[in-house]
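Q: Listed here are the chains, written in short residue letters.
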Amino acid sequence: MDDILLDVQDLKTHLPLEEGLLKAVDGISFAIRRGETIGLVGESGCGKSMAVRSIMRLAPNFAKFSGRVIYHPQAGDPVDIAQLDAHGERIREIRGGEIAMIFQEPMTSFSPLHTIGNQITEAIRVHRAQDRKEAHKIAIDLLGRVGMSNPSQRMSEHPHQLSGGMRQRAMIAMALSCEPSLLIADEPTTALDVTVQAQVLQLMRDLQVEFGMSILYITHDLGVIARMVQYVAVMYLGKIVEFTDVDSLFYQAKHPYTSALIKSIPKIGKKSRRRLESIQGAVPVPINRPPGCGFFPRCSVAIPGLCDRVEPPLVQVAPDHAAACYVYPEVAEAANAPALEGQGNGL
Amino acid sequence: MLNYLLRRLLYMAIVLFLVSILSFYIINLPPGSWIQNYASELEASGDIVDQEELDFLNMRYGLDLPLHEQYFRWVVPLITKGDFGQSFEWGQPVWPLIEERLFLTMTISIASILFVYAVSVPIALYSAINQYSIGDYFFSFMGLIGLATPNFLIALVFMIIMLRVFGVTPGGLFSPEYLREPWSLAKFWDMLTHLPVPVIVVGTAGTASLIRILRAQLLDEFQKQYVLTARSKGLRERFLIVKYPLRMAFNPIVSSIGSLLPQIVSGSAIVSIVLGLPTTGPLLLRSLIAQDTYAAASMLLMLSVLTVLGVFLSDMLLMWLDPRIRYERAN
Amino acid sequence: MSTRSTVAELPPSDELSYEILSQQQLIWRKFKRHRVAYFCMIFLALFYVLAIFAEFFAPYGPFRRYTDYLYAPPTPLHFIDENGAFNLRPFVYKISSELDLNTFQRAYVEDTSEKYFLQFFTKGEPYRLLGFIDTDIHLFGVGEPGVFFPSGTDGLGRDLFSRMLLGARTSLFVGLMGLAVGFALGLFFGGLSGYYGGGIDMLIQRLIEFLQSLPTLPLWMALAALVPPEWTPIQVYFGISLVLAIVGWTGLARVVRGKLISLREEDYVLAAKLSGLSERAIITRHLLPGFLSYLIVHLTLAIPHMILGETALSFLGLGIQPPAVSLGTLLQDSQNVQTVTINPWLLLPGGLVVIIVIAFNFLGDGLRDAADPYKHL
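First to last, the protein sequences are chains A, B and C.
Sequential numbering from 0 applies to the first sequence in numbering that gives the first Met the number 0.
Sequential numbering from 0 applies to the second sequence in numbering that gives the first Met the number 0.
Sequential numbering from 0 applies to the third sequence in numbering that gives the first Met the number 0.
No wet-lab data here; the hints were simulated from the structure.
Hints may contain errors.
A partial selection of chain C residues facing chain B, derived with a Cβ cut-off under 10 angstroms [what the hints assert, rightly or not]:
| # | residue |
| --- | --- |
| 1 | A224 |
| 2 | P227 |
| 3 | T231 |
| 4 | I355 |
In silico lysine-lysine, DSSO-like type, Cα no more than 27 angstroms apart, as pairs [stated by the list, open to error]:
| # | chain 1 | residue 1 | chain 2 | residue 2 |
| --- | --- | --- | --- | --- |
| 5 | A | K132 | B | K242 |
| 6 | A | K136 | B | K242 |
| 7 | C | K272 | A | K63 |
| 8 | B | K223 | C | K258 |
| 9 | C | K272 | C | K258 |
| 10 | B | K223 | C | K29 |
| 11 | A | K11 | B | K223 |
Computed far set for chain A versus chain B, every beta-carbon distance over 12 angstroms [said to hold, decoys possible]:
| # | residue |
| --- | --- |
| 12 | L20 |
| 13 | P77 |
| 14 | I123 |
| 15 | S277 |
| 16 | P303 |
| 17 | P328 |
All values derive from a computational prediction rather than experimental measurement.
For each residue, glycine too, the CB sits at the ideal point set by N, CA and C.
So that you can see chain A by itself, here it is in the shape it has in the complex (with noise of 0.2 angstroms):
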């Protein structure tokens, strides 16, 4: 693998709660090369979104954390943002800078008390160092790249006067103000309407071309997966359970819970009066969770004795094409060895 720009390896993120200790990212892998997209799918609760907020560093403070995230900025050493003082001068270098991030709610992203114009300029103030002038015209000029009408006045609104759309766009022009490498878009169009979804989805397409920018999409929606990504990992309970490229998920999904997930997506055109197929059962309570594979409780097929002992590894099965699931050989054969020292996940 060359070019690669983001190579996470085995970040695990556990939440010591009340309750016992929350797994929310357990040990998952995966790299991100220059100029791709990248899609996270999974259930709400699977820890799709804690697994990018530890890539950032932020992660609640009481996170217990570990692994390597390693970063491979445009000029410069690699460096491992997984080694980095949470608070410190190079990790705020990279956030907004070289690694930006959107969120799900367009609403409450944004303070209410500012302008739109001040919370973009702040944005490149911090990492472009310009002065006042020249970050207000940048800021003005991104309103307008990415399609709002009369960018300067904008500028001068808070938040509540904008439509959802609009302050999703907002949102991306201040994420994209320094020219970042990475953009990390966590659900960004769940919250807007159908027709605004598309509108958006097209503009980041179109951005990403035009920036040269990679973008790792965390969405549980997989009509956006399908039209906006080349690799999707699919997180089942703070795992990768399978990774594979967008036409092999839809087409060949190897893993029992990927192939549900996908068989309840409602199709257009097929005349069956078929009610639409739901996974069975809902997603076990990831705190204190007994051994062995998480979805064991759901699956349809299976095999008792085992699934329920150990945790399937995530291993490939196939070309460009990996499964943490038994039935697969290739799992069981790797899970064997490590096994027996009680470790899950070897590759």
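Chains B and C: place on chain A using the hints.
A: Then chains B and C, alone, in the frame of chain A:
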């Protein structure tokens, strides 16, 4: 905007009008009147009660009129001439009697509010940033004690400490040499040096409750998405806390003036009684017991004017601070 | 109905090995984990028992005067006697007073020649327990002519400890009474306002705003001055509760209203309406459980306000009137700074007020945290 202001002022006028009626009636509800109290007091001390004098007083103050007529006798000159009427007990006009006391009440209240903010904002900020630290627990505990101790008890304890440690009896707002002097810069300065004790005593409960409110508010704000956004922009933690959550938390602080002010005015009344301060509190207590209607009603009304005005000002400040409220009110 | 069928198709919950707790169980669990609040609850419960049976726990009657012991300090309780021998049963020495001719103040000294052992279930002043049991048994005391004043005496030579227990009863129950009245008013107006909205809501909101903008204490003072002096202590007692309630109900009404309005907008209430549930069923089955916990929290936090209010009023001489005893009237004795400075134990009732109020605050805090069992950070 202007529309809102006018509505607000009209509302204030209505509130004050209702207060005037309410206080006048409440004061007159107990059986008997000032004249009867006066008569029975004379009788008790063995003096001869001059029926003619009583009749004259009754007529002069209109105490034999129906209550609503008495009310109008008080309120009409008040509105038309700014005349608060006569105090029965002191036999002189009410306004000069309460003028200086009102001013002092206001001074203590404002100083107490400033004290409350000056102390509670930094402590709340510290406690919220260092949640569950030893300092946080310490301040929380102190706050709890401050909240649980009646004002007058704090005043008493203060006085005892002063008496025991320094051998001085605190109390009053002026040194003896200024007591009967007219106002001057020196007298004002003398008053300022006497302010800290009453201000601390009056402000303690308010400080404790504001720390609690503000700490919770800040902790709440820290969880908000926009703080995460600000962090993800790479802002310095200190800078962003002041710019966003603290600024947000200022809204409830400012609007808390509305609840803080009545509390402070109440507190200063009782503390003044204990510390012997020449504010409205002790005089009001005396007038209420003596049924000195005009004096008591005037003071209740003026105290309400103070609080209503304070709430109005805090509302204006809030509008200036929060664009959302401005926006809402403009439409 | 579609919602029902989906619910029915969910796998039975015992299939998963999780404990399913009811809301109440969750609240109780969470509450018990809040150690301080739990402790305060037990403390307050014990204290109420102490107050209800005050005459039994008090060694002396509240009005019994020991004229030889004016302003006597708390009597020290000893285990080790003058010879250094340890006694399992604690005792007090005889107290004798001397007039200091320089300061003209009485000084009390222990006379080690005579000692009186502490006795339990002793016979003392007769009283009527709970208003109908005539007895003269007190939990503890020392034999005559010995005296044991755990908190000293006041200026008339009355045992402060006994008076504090009785005073606490008055103050605690005035608080509860005021709360009950205020609760009824708050529930009524808040419910009206929150449930019907519109013009009624507008009117009640203005009324509340109006009452809240008034400075509380002067209003209390004015209202308390209303209580006629010829009333019996019991009447005064109710009168003061009423006064406290009239000013205190507004906060509760706001809480009820706010909660009702937010609950009314909840999806599950809409769902209940859509599935044809009656108004009554919606209120009792869905709305009430939703804010019962909040009500309890607010009630707990309102009691200390009532107690502080009573104390302040009585301290000023506007509340409970002597000879009736309350924590506030006891503090009247400490109005004179000179006296308190010389006899600091006169402030003990104040300390008791502080402890009670703190306990209620902790309890309320614990309940508030517990009332939201799903919030854990």
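Q: Compare the structure with each hint and give your call.
A: Tested hints:
1. A224: Given a least distance of 4 angstroms, the restraint on A224/C holds.
2. P227: This hint holds: P227/C lies near chain B, its Cβ roughly 6 angstroms from the closest one there, short of 10 angstroms.
3. T231: violated, 16 angstroms
4. I355: Nearest chain B Cβ about 8 angstroms off; hint holds.
5. K132/A <-> K242/B: holds, 21 angstroms
6. K136/A <-> K242/B: Holds, at about 23 angstroms.
7. K272/C <-> K63/A: Violated, because 45 angstroms separates the two Cα atoms, which is more than 27 angstroms.
8. K223/B <-> K258/C: Holds. K223/B to K258/C sits at ~22 angstroms (cutoff 27 angstroms).
9. K272/C <-> K258/C: Holds, because 18 angstroms separates the two Cα atoms, which is no more than 27 angstroms.
10. K223/B <-> K29/C: OK: K223/B and K29/C at ~25 angstroms, within 27 angstroms.
11. K11/A <-> K223/B: holds, 24 angstroms
12. L20: holds, 19 angstroms
13. P77: holds, 19 angstroms
14. I123: Violated: least Cβ distance 9 angstroms, not greater than 12 angstroms.
15. S277: holds, 30 angstroms
16. P303: Fine: 42 angstroms to the nearest Cβ keeps P303/A off the interface.
17. P328: About 43 angstroms separates P328/A from the closest Cβ of chain B, which puts it past 12 angstroms; holds.
Comparing the model with each earlier hint shows violations of hints 3, 7, 14; every other hint is respected.
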